[in-house]
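J.: This note's numbering puts the sequence shown at residues 1 to 75.
If you are wondering where the hints come from, they were derived from the structure by calculation, not from laboratory data.
Be aware that a few hints might be false.
[Unchecked claim] Using C-beta positions, here's what the derived DEER-type ranges look like:
1. S53 - A18: 41 to 51 Å
2. F2 - E44: 13 to 23 Å
3. A3 - P26: 47 to 57 Å
4. A16 - T48: 21 to 31 Å
5. L22 - G46: 31 to 41 Å
6. A24 - E44: 35 to 45 Å
7. S53 - G25: 19 to 29 Å
8. E6 - L52: 25 to 35 Å
9. I15 - V58: 45 to 55 Å
10. I40 - E19: 32 to 42 Å
11. A3 - D59: 24 to 34 Å
12. T43 - S4: 40 to 50 Å
13. N38 - V58: 50 to 60 Å
14. A3 - P51: 47 to 57 Å
Glycine is no exception: its CB is placed at the ideal position from the N, C-alpha and C atoms.
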Amino acid sequence: GFASTEMLLSVNHEIAPAEMALGAGPAPDNCMDCHVSNNIDFTELGWTGDPLSGGQRVDGGESVMLDRPAPTRMD
Numbered sequence: 001g002f003a004s005t006e007m008l009l010s011v012n013h014e015i016a017p018a019e020m021a022l023g024a025g026p027a028p029d030n031c032m033d034c035h036v037s038n039n040i041d042f043t044e045l046g047w048t049g050d051p052l053s054g055g056q057r058v059d060g061g062e063s064v065m066l067d068r069p070a071p072t073r074m075d
């Protein structure tokens, strides 16, 4: 038979360094990590396409992200 085992993974398992994270860097270049890059499948997230390229929410709701300022880096 098989012995019961446990797998312990470190907290940083499969997490990229900050400088490689999506959205890292100055705006607007940081937006392109997800938008107009095919890195995010916006249709799987409930959009007709990339909202930056005119995609609309399938449920007809409004995007709250387009009216917000770029996030402030805290490092």
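J.: Hints first: check each against the structure and report whether it holds.
T.: Evaluated hints:
The hint said 41 to 51 Å for the Cβ distance between S53 and A18, and at roughly 28 Å that hint is violated. One distance hint, 13 to 23 Å for the beta-carbon pair F2 and E44, is violated here, with the actual separation near 36 Å. Taking 47 to 57 Å as the suggested C-beta distance range, the pair A3 and P26 conforms, at roughly 52 Å. Checking the proposed 21 to 31 Å range against A16 and T48 shows it holds: the Cβ atoms sit about 29 Å from each other.
The supplied range of 31 to 41 Å is broken by L22 and G46, whose beta-carbon atoms lie about 19 Å from each other. Checked against the given bound of 35 to 45 Å, the beta carbons of A24 and E44, roughly 23 Å apart, lie outside it. Here the CB-CB span from S53 to G25 is close to 20 Å, well matched to the stated 19 to 29 Å. At roughly 44 Å, the beta carbons of E6 and L52 sit outside the given window of 25 to 35 Å.
Under the hint 45 to 55 Å, the C-beta atoms of I15 and V58, about 30 Å apart, miss the expected range. Distance hint check: the CB atoms of I40 and E19 are about 20 Å apart, inconsistent with the given range 32 to 42 Å. Checked against the given bound of 24 to 34 Å, the beta carbons of A3 and D59, roughly 49 Å apart, lie outside it. About 42 Å separates the C-beta atoms of T43 and S4, a value consistent with the hinted range of 40 to 50 Å.
For N38 and V58, the hinted distance range of 50 to 60 Å is not satisfied, since their beta carbons lie about 19 Å from each other. Checking the proposed 47 to 57 Å range against A3 and P51 shows it holds: the Cβ atoms sit about 50 Å from each other.
Violated hints, in rising order: 1, 2, 5, 6, 8, 9, 10, 11, 13; the structure is consistent with all others.
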